[in-house]
Structures are given as structure tokens and as C-alpha cells.
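With chain A held as given, fit chain B onto it using these hints.
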Amino acid sequence: MRIEFNDSDSQVVLIGELTFNDHAAFREMLTRAMRSTGAKIVLDLSRLDFVDSAGLGMLLIARDEAGKGSPASRWSVRRSRSSAFSR
Amino acid sequence: MTKFETLFTVTRMDGSGAGRHPGISLWDGASEQSLARALRPPVVYCVEQGLREALLELGGLFHSLGLAVTTRAAFRLPVANAFVEAVDQRLQLDDDLRVRMLTVLHEAVINAVLHGNLGLGSSLRDNLAQMARLQRIIERRLADTEFGGRMVFVEASWTPAMLHLLVRDCGEGFARDVAFGIPEADGRGPRRCGRGLCIIEQLSHSVEYLNNGSAIRIGLMR
Numbered sequence: 001m002r003i004e005f006n007d008s009d010s011q012v013v014l015i016g017e018l019t020f021n022d023h024a025a026f027r028e029m030l031t032r033a034m035r036s037t038g039a040k041i042v043l044d045l046s047r048l049d050f051v052d053s054a055g056l057g058m059l060l061i062a063r064d065e066a067g068k069g070s071p072a073s074r075w076s077v078r079r080s081r082s083s084a085f086s087r
Numbered sequence: 001m002t003k004f005e006t007l008f009t010v011t012r013m014d015g016s017g018a019g020r021h022p023g024i025s026l027w028d029g030a031s032e033q034s035l036a037r038a039l040r041p042p043v044v045y046c047v048e049q050g051l052r053e054a055l056l057e058l059g060g061l062f063h064s065l066g067l068a069v070t071t072r073a074a075f076r077l078p079v080a081n082a083f084v085e086a087v088d089q090r091l092q093l094d095d096d097l098r099v100r101m102l103t104v105l106h107e108a109v110i111n112a113v114l115h116g117n118l119g120l121g122s123s124l125r126d127n128l129a130q131m132a133r134l135q136r137i138i139e140r141r142l143a144d145t146e147f148g149g150r151m152v153f154v155e156a157s158w159t160p161a162m163l164h165l166l167v168r169d170c171g172e173g174f175a176r177d178v179a180f181g182i183p184e185a186d187g188r189g190p191r192r193c194g195r196g197l198c199i200i201e202q203l204s205h206s207v208e209y210l211n212n213g214s215a216i217r218i219g220l221m222r
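Protein chains in written order, with the working numbering: chain A, 1 to 87; chain B, 1 to 222.
Simulated from the structure, these hints should not be mistaken for laboratory data. The beta carbon of each residue, even a glycine, is placed where N, CA and C say it ideally should be. Wrong hints could be hidden among the right ones.
[Said to hold, decoys possible] Between beta-carbon pairs, the in silico distance windows are:
(1) B/Glu172 x A/Ser8: 43 to 49 Å
(2) B/Ala132 x A/Gly16: 21 to 27 Å
(3) A/Arg32 x B/Asp144: 39 to 45 Å
(4) A/Asp7 x B/Ala30: 28 to 34 Å
(5) A/Ala39 x B/Cys170: 48 to 54 Å
(6) A/Asp7 x B/Pro41: 49 to 55 Å
(7) B/Ile137 x A/Arg32: 20 to 26 Å
(8) A/Ser8 x B/Arg222: 49 to 55 Å
(9) B/Glu172 x A/Arg47: 38 to 44 Å
(10) A/Val42 x B/Asn211: 28 to 34 Å
(11) B/Gln89 x A/Ala39: 50 to 56 Å
(12) A/Gly16 x B/Glu139: 19 to 25 Å
(13) B/Ser123 x A/Ser76: 24 to 30 Å
[Said to hold, decoys possible] Just so you have them, the derived chain A footprint on chain B, three or more residues with Cβ under 8 Å:
(14) 38 to 48
(15) 194 to 200
Next comes chain B alone, as it looks inside the complex:
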């Protein structure tokens, strides 16, 4: 039994027996389907097995939905889709809000994975040759426990008027104005850096960059 289980007696999602605390679940990290099961109501906080540092994230319990996963899982599986479906089960989102939430959450999670926890720069996506190099670097870092095991934390909290999303990574952060200010090499054409952030800001009511940029808090009007 892990320290986490000792402290909180969690509900296992692999069928090995429910604990006394139905609000917390352990996800086996195996598939989108098992993640959907682990996020089903009345769960308020779901943690991928092995993420001991996720113990520190318990402050928001019962006022929100939280999810702590490894970088490896966040890259390989559609975590944003599963999380939006889980929020939809609790709030019955309308189509517009569901699409906006899914789009901004997907962009925020990808940013947390690539730029935050894997420490990759946007320049690696500039051309075809760089894409091949990027793929090799990603696979190497995902296989490395230091990188692949880093946590991505996602939280949704809500009021009757607003839905707030928080996405946090374990990276060094970034300066928003620098990310938006990188010009094209040839000075023309659409921007190549900060495009995901631009989408997030366009579709959201409010965006805050916290912890030196390693966390983003997004407000969506309901």
C-alpha cells in the first residue's frame, strides 16, 4: 500500500476493491477508457498511480475536479477529452462551452507537456527536418523517468457564472510577452510561436499566467 493510499484510502479503478473515500481515485495510466472510469462522479480528485507529489494538490477537494497525470500519459492519451467529458457529467455543458473548454484545455495540456515538462522549444517545429528531430527527442525524453514521470496537474472549478481551468506543469515557466513577441524569421506570414496561447486567449474570458508561467488559469463564462 502506498503512502497515498494509507492516508486517504482511495477507490481503485481496476476493480480490486473500493475504499472508504469515493472522492479520490487512482488511475492505472493504461487507457482513455480507464481514465474515463476513474473520473466518473462522485470522484473529485484523480491521481495516476505513482505520482507521490500529487499529495500536495489536495487543497481544492470537493469544490472542483482535479486530475494529476504523468507527462507520458498526457502525451500519449487524450487527457483533455476525458477531463472535459468528466466535467460535462457534473455540469451538463452546452455545446459552445464544451468546444471552448476542450480547445483551450487541449492547448494548455500540450504546452505543459512539450514546453513545460519536456523542456522543448517552439523552434523544433519550424520545418520538416526539425519535425523528425523533434519526434526523436520526445520519445527519448518520455522514456526518461526524469522527464516522462513529471506531473501535469489539471483542475476545474466552477460557479454558476464561470468555469475556471488550472493547468500546471513542473517546468521552469516562460514569459508570456516573450512567447508572443518572437517574430517570423522572414518577417511575414502567420506566427509560429505562441499560436496555442493565442487560441487560448481568444476563446477565454480571462487568462492568468501563474508561478512564472508554469501554471495557467483560464476563465470561461458559462
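For reference, chain A alone in the conformation it holds in the complex:
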């Protein structure tokens, strides 16, 4: 998986495949994005081709981590155009 941040780190684009092997990179991405000062953090999944069960779990962790910071989630998610299990 490839990860692209915008200048303020508040918009993150995930590219390619999100699988268990990406858990270290995903954790680092999450930590960096949570440090950004924007009111919202956009997680753009539209360029993901494949998400496995571990990838789904990581997205749930992202949701939970966002909920810890404030009553209203800072995350906004742009969904993939393809189904979670298709390449």
C-alpha cells in the first residue's frame, strides 16, 4: 500500500492494497494524521483496490481512535469505488 498526505496531514489517500502486512504503515499513518490540527481528517479509500479482513479491522481501529479525541468523530471517509473484496 502507498500512502499520500496533503500539506497539513489532514487528508490521507490510501493507494493499492490494504492488508495485514500494512499494519505497521497504517499505524504510523494513523498516528501522524491524529496529530494534524484540522477539524476533520479525510481518509480517502477511493484508490484502494483490495482490502482484507485485517484491513477492515484497521479501519475500525481508525474509527475508534477518532472517537476518543472528541464526541464527534474527526474522520471523514471517502469510500472505495470497488467492493472491499474485489481487485
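Using the frame of chain A, we list chain B on its own:
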């Protein structure tokens, strides 16, 4: 020369000379590309170098495609992708079957690696702090010969109507109903355990848990 080579005279995939048995290959464990070469037809059984216990898996020769790799290789390299491509070279899979096969095989191999051979529980993936701890444990166990050198065995066999996949690890197994029955801590939201098994069962025609759960046999309609 290893005992394996003495018995079967294998085809080496590093260019050092082909043996008399083109159906068996030794993989050097180095890369996805070398694995793809080692799985090319007419190979029916590919073994990562050093896996002596893989000798026990030879029963299904010539009716299927088999692959025996270390846990280390199965974690670091996209073994499922290479294996599906190898089956595709033999059967010319349609897109739907290829996607289903790749998805279920990927989930089964990850389960075999993490829960089977590395002995890790699902609770280590519950939150951000646990993910960091999980990463350290995985790296430590992969570097340990006892864990990292354990075998993951993958086999595909087929008929005109069905494609069967078998994935086996060297772990203690698990109870399917227990894995599916673990509730969320807060009682709400999507499940966090057994999600991979759920995907496998949804996309497959049949699923059998064998050897106390240390092996899974998946049937896909062609």
C-alpha cells in the same frame, strides 16, 4: 545434497541445473518472482528449501498443485497471489473464481501464519497500542527458528466442477464456533474476531475444519 534431493532429484529454480523430476521444485524463498518461477507448469509440488518435513506431503502428487513454505516467507511475501497465478496457468480461471480464490486463500494463509504458526490471538489487533505490540511480537517470533521456520502447506486440487484448497499450519488448531462466538467488548459494532473466517465461508461453496482446526479445506465451484 539434501535428503529431499537424494530421494526425488528435484528441479532447482536458481538455474543450477534441472533434475530428472520436473514435477517437483525447490524454491529459494527469496522473492515473489522466484516463487512464480518455481510454480510454473509442469511443477506439481514446490517446497521452500530447508523444509525437510515437507517430504511428508507428497501423497497428492500429479492430481493437484502443492506448495510448502516457511511461516517467514508466507508472512513477508504474497504467497497467495503467486499460488493463484500458478493455478490460473493450469486451469485458466475466470475473473470471478480468481477473485474468490485469491480472497479466501489470502485469509486462510494469514490465519495459518498468525494464529496457527505464530500462536497469536485476535485480541492483539483491538486498538492502536496493541497493533504496535503485535508488530514487535511478530518480528521477534519470525526471527525465531521455532516459529519462523514452521511450515505452511497449501494445496489446490480440482475436478471439472470444483476447485478445492487446503491450507494447513503446524499450530494447535482452534474451535470454529469459539472463534465465531467471541462477542464485542461493548456488545455493539462489527465483530473483531473470526472476520477472516466469515469472509472465507461467505465466498466458498464448502468449508471444512480439519485436524482440530489446524487445517482448512475450502471448496469453490468452478
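Checked hints:
Here the CB-CB span from B/Glu172 to A/Ser8 is close to 48 Å, well matched to the stated 43 to 49 Å. Under the hint 21 to 27 Å, the C-beta atoms of B/Ala132 and A/Gly16, about 23 Å apart, fit the expected range. Range check, A/Arg32 to B/Asp144: Cβ separation about 31 Å, and the 39 to 45 Å hint is violated. Evaluation of the 28 to 34 Å hint for A/Asp7 and B/Ala30 yields a failure: the beta carbon distance comes to about 39 Å.
About 50 Å separates the C-beta atoms of A/Ala39 and B/Cys170, a value consistent with the hinted range of 48 to 54 Å. Look at A/Asp7 against B/Pro41: about 50 Å separates their beta carbons, and that is inside 49 to 55 Å. The hinted range of 20 to 26 Å is satisfied by B/Ile137 and A/Arg32, whose Cβ atoms lie roughly 23 Å apart. Distance hint for A/Ser8 and B/Arg222: a CB-CB separation of about 50 Å, consistent with the stated range 49 to 55 Å.
One distance hint, 38 to 44 Å for the beta-carbon pair B/Glu172 and A/Arg47, holds here, with the actual separation near 40 Å. Taking 28 to 34 Å as the suggested C-beta distance range, the pair A/Val42 and B/Asn211 does not conform, at roughly 46 Å. For the pair B/Gln89 and A/Ala39, the beta carbons lie near 52 Å from each other, so the given range of 50 to 56 Å is met. Between A/Gly16 and B/Glu139 the beta carbons are some 23 Å apart, a value that agrees with the proposed interval 19 to 25 Å.
Between B/Ser123 and A/Ser76 the C-beta distance comes to about 29 Å, which sits within the given range of 24 to 30 Å. Only residues whose beta carbon comes within less than 8 Å of a beta carbon in chain A count, and the segment 38 to 48 of chain B has 0; fewer than three means the coverage is violated. Beta-carbon proximity to chain A at under 8 Å applies to 4 residues in the segment 194 to 200 of chain B; the threshold of 3 is reached and the given coverage holds.
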